[in-house]
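Residue numbers (the numbering used here), protein chains in the order written: chain A, 3 to 483; chain B, 3 to 483.
Hint data in this document are derived by calculation from the structure and do not stem from the laboratory. Heads up, some of the hints might be wrong.
Treat identical chains as interchangeable: a pair holds within one or across any two.
What the hints assert, rightly or not - In the DMTMM-like style, the derived pairs of lysine to aspartate or glutamate whose C-alpha atoms are separated by at most 25 Å in a straight line are:
no., residue 1, residue 2
1, Lys403, Asp221
2, Lys58, Glu46
3, Lys60, Glu49
4, Lys60, Asp185
5, Lys60, Glu46
6, Lys60, Glu308
7, Lys101, Glu86
8, Lys60, Glu27
9, Lys251, Glu401
10, Lys309, Asp185
11, Lys403, Glu388
12, Lys337, Glu308
13, Lys414, Glu381
2 protein chains.
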Amino acid sequence: MSDQRLTPQAEDFARWYNEVVYRAELASQSPVRGCIIIRPYGFELWEAIKNSLDQKFKATGHQNAYFPLFIPQSYIQRESEHIEGFSPELAVVTHGGGKELEEPYVVRPTSETIIGEAFANWIQSYRDLPLLINQWSNVVRWELRPRAFLRTSEFLWQEGHTAHATREEAEAETRQMLQIYEDLAQEDAAIPVFSGLKSEKERFAGAVHTYTIEAMMRDGRALQSGTSHNLGQNFARAFDMKYLTPENKQEFCWTTSWGMSTRMVGAIIMAHGNDQGLRLPPRLAPIQVVLIPIHRNEEQRSQVMEKLQAISQGLSERGIRPHLDDREGLTPGYKFNDWELRGVPLRIELGPRDLAGGNVTLSRRDVSGKAGKQIVAIEACQSTVEDLLVQIQRNLFAEAKQFQDDHVHDVKNYEELRQVIEGNAGWARAWWAGSGADELRIQQETSATIRCFPMEQPESAEPCFFTGATPAQIALFAKAY
Amino acid sequence: MSDQRLTPQAEDFARWYNEVVYRAELASQSPVRGCIIIRPYGFELWEAIKNSLDQKFKATGHQNAYFPLFIPQSYIQRESEHIEGFSPELAVVTHGGGKELEEPYVVRPTSETIIGEAFANWIQSYRDLPLLINQWSNVVRWELRPRAFLRTSEFLWQEGHTAHATREEAEAETRQMLQIYEDLAQEDAAIPVFSGLKSEKERFAGAVHTYTIEAMMRDGRALQSGTSHNLGQNFARAFDMKYLTPENKQEFCWTTSWGMSTRMVGAIIMAHGNDQGLRLPPRLAPIQVVLIPIHRNEEQRSQVMEKLQAISQGLSERGIRPHLDDREGLTPGYKFNDWELRGVPLRIELGPRDLAGGNVTLSRRDVSGKAGKQIVAIEACQSTVEDLLVQIQRNLFAEAKQFQDDHVHDVKNYEELRQVIEGNAGWARAWWAGSGADELRIQQETSATIRCFPMEQPESAEPCFFTGATPAQIALFAKAY
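Pulled out of the complex, with its shape left as it was, chain A reads as follows (with noise of 0.2 Å):
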């Protein structure tokens, strides 16, 4: 909370980011390296992630589950591509009760090997197919730069682990649950993706493949949003995980995982926000619409608090979550720059002469100047307010739709792409039949990744614009957080 400008995205926008992040109170700097600490208006935006999340691996047969925060060391040695990839950035306790340990304690990176170690014991026969689990947890991945939400040593997330009879059941899975993550971004979040599948260069540690949902940040950045993986068998063999057929055969257990993390916070703030501050969803704000009090003196003050108050227990009965700013000692001006910083969608202001009108006036965070405001008769004033909150989440996920469409830029050579990466003037999409080696170039070359093969391909193709082989894939080339 600060009467100070921002610095302006176009400026600096790593700055602009912490700015935000800080003076919204979203997260504060926390004396633990590279651990930051969620406040509430930040926890909020989580929760509200976090229940809509929950209600759909729920209305999909999914059930919540507790694994223990320490994995023995040994564990995590089982699965040779898990261990390679986690290593080094792993926490380790080596005291616990005042004595040293007789094997160390790794604090859970991820839990495909403790909660892989359990399924094996759970599971008998296929009758005990499909396990569908989720955990609700944190995660301790050593930061060396960390960022609030993006990169930090802890941080909070969900990770799904089910075990399948079939492979072709295991990757119906790994797809459903990447669709979840895209209709969490684009329906709650109001972020566009693309949803696709990673290279084998950037896929997760032990999985056959990994989906994942890109999203753009106004930067031009990408940022992995929520991963899927198809683990194949890999873990159920590390895990000896098997399972009784019908036929009375030992087969190994198919397996998944997939997450989603708080990381989801920062795409809203970097997908959304302007120069003025977030600009929150409002399915995920906490608050939804805050009402302004104008007054000079005591009379004043209290009639017009009467009828906010009012106001707003209207709008909480319709299940909307207001917020009524009776903070004494600031002024209107300051109040609306406050709440512009933290992204409410919509502001009500109350003063004598709107009051004396039988009006308030209605000012959308998304759009600003005149054209964001409106006058309304305090009757009609809870139906307008829904109303808006509709347009409003449309109207976001438009503006990053039309944003994103137009920093994809198609390219046909190398050289094009350098354009593109390097001017940073959004992603390249490129047909692409190249080796780890060629993309480990590439991004050596131009700090560009592969970000996913989106998956909707088209369906004739060209040659790879790197390589000149075939048969190539649309890929989508991008600087990442």
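Given the coordinates of chain A, work out where chain B should sit on it, guided by the hints.
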């Protein structure tokens, strides 16, 4: 799940407890010393507790936030009683990202210290008070003698932390939260509790005083089920948490903390369970009504299933949580035992004969034999279920209250106290004005501790049963978990 009979409570209560926990699939053992896996059925119980508490916290103005899992070792040491209380139980992270850390981190055993530091940063003036924060999280306290849900090295809980301008406000908050815990226990979990003050010896490390709710388990032992601490200015001084008064003076804040954990799941198991297994209070039961089809052939099966599906859907629409057990290859008798073990409050059976008569059979889990059964017309079934769930909730509370009343014994002298405690006859209630050393002596000689000084004290007082001193207070002595 199994046909096997449980060890009777009277034979070996601890063994009965473990069998119920694992066979009802509330939890699994884990490869991590002192830690369990909370399975979906156990986790749903915790989710129900959590949802009820979270609503109560929000209704009283508290907001959720999230603080780091790791706490710099030096922080824990700032409040001298606090470090003394917790140091034997700490888990320590010494390595992160492949390197030894300069300062080790402690895995939070509770968060007064790191939250105290944050509050000191956030609070400037009286306008920032009261600050009312809650955190849902995992904590770690190394346990040498772990027991599922009751004492595990990692457990889930909520920890509330608040800061106030005056001693009186902090005290009012401490008592308000105790009342919320009492309501949760009595109204939702159907467990009568004694609310009271802890003795000096038993209070939280760093608190001025600690309130507790104490519940009686069916083996006569006490379980501390929720605590609320008035921290005075101890942590405010340790973390320099000051505020500017309206008169422009700097004053230390007055703080509180309060917590309830997954231990509450253990309380529900041990306060209500009997030799057939769990008996879950309807308000928290993951499944409130189980529907069991009875049939001898495919035609009967499809008729019975069709009707049960309709009943199940009707129950869902009334906000009741039903489960239709359509597992094949299991006898109805097996299913009856299985759901009794799992403590589902109400069972609906439907077979061809019931169907022909237009009836279903309802069986209460809380009343065994014929007395707990009734046959009702299918059309009346849903409203009867609704009524019965309310009755079962009340009856479980009444039974537990009767058990508690029968097992609290007023004692006049040490000899009587020893008879009660050493004879495992329950709790001893007595006038007390002894010292901490006196209390310790009683504990060493009988294993009983003072569970609390109940909030409601009789008006006329008698001298201490142990020392003869006055003024004395009524104290409850018991062996405790």
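At most 25 Å between C-alpha atoms: does Lys403 with Glu388 qualify within a copy, between copies, both, or neither?
Within one copy only: 23 Å inside, 49 Å across.
Can you give me the call for Lys101 and Glu86, within, between, both or neither, at a CA distance of at most 25 Å?
Only across copies: Lys101 and Glu86 sit 16 Å apart there, 29 Å inside one copy, limit 25 Å.
Under a CA distance limit of 25 Å, which applies to Lys60 and Glu46: within one copy, between copies, both, or neither?
both (21 Å within a copy, 12 Å between copies)
Cα distance capped at 25 Å. Does Lys414 pair with Glu381 within a copy, between copies, both, or neither?
Close neither inside one copy (58 Å) nor across copies (70 Å); limit 25 Å.
When Cα atoms must be at most 25 Å apart, do Lys251 and Glu401 count as within-copy, between-copy, both, or neither?
neither (55 Å within a copy, 50 Å between copies)
From the Cα coordinates, with 25 Å as the cut-off, is the pair Lys60 and Glu308 best called within, between, both, or neither?
between (42 Å within a copy, 24 Å between copies)
Which holds for Lys309 with Asp185 at a C-alpha limit of 25 Å: within a copy, between copies, both or neither?
neither (38 Å within a copy, 35 Å between copies)
With identical chains treated as interchangeable, where does the CA-CA distance between Lys337 and Glu308 reach 25 Å or less: within a copy, between copies, both, or neither?
within (19 Å within a copy, 59 Å between copies)
Could you place Lys58 and Glu46 in one of the four classes (within, between, both, neither) given a Cα distance threshold of 25 Å?
Both: 18 Å inside a chain and 16 Å across chains, each within 25 Å.
Same-copy or cross-copy closeness of Lys60 to Asp185 [CA-CA at most 25 Å]
Classified as within; 15 Å inside a copy, 28 Å across copies.
Can you tell me if Lys60 and Glu27 fall within 25 Å by alpha carbon in one copy, between copies, both or neither?
between (31 Å within a copy, 19 Å between copies)
Please work out whether the CA atoms of Lys403 and Asp221 approach to 25 Å or closer within one copy, between two copies, in both situations, or in neither?
within (14 Å within a copy, 63 Å between copies)
In this structure, the hints that do not hold are numbers 9, 10, 13, in rising order.
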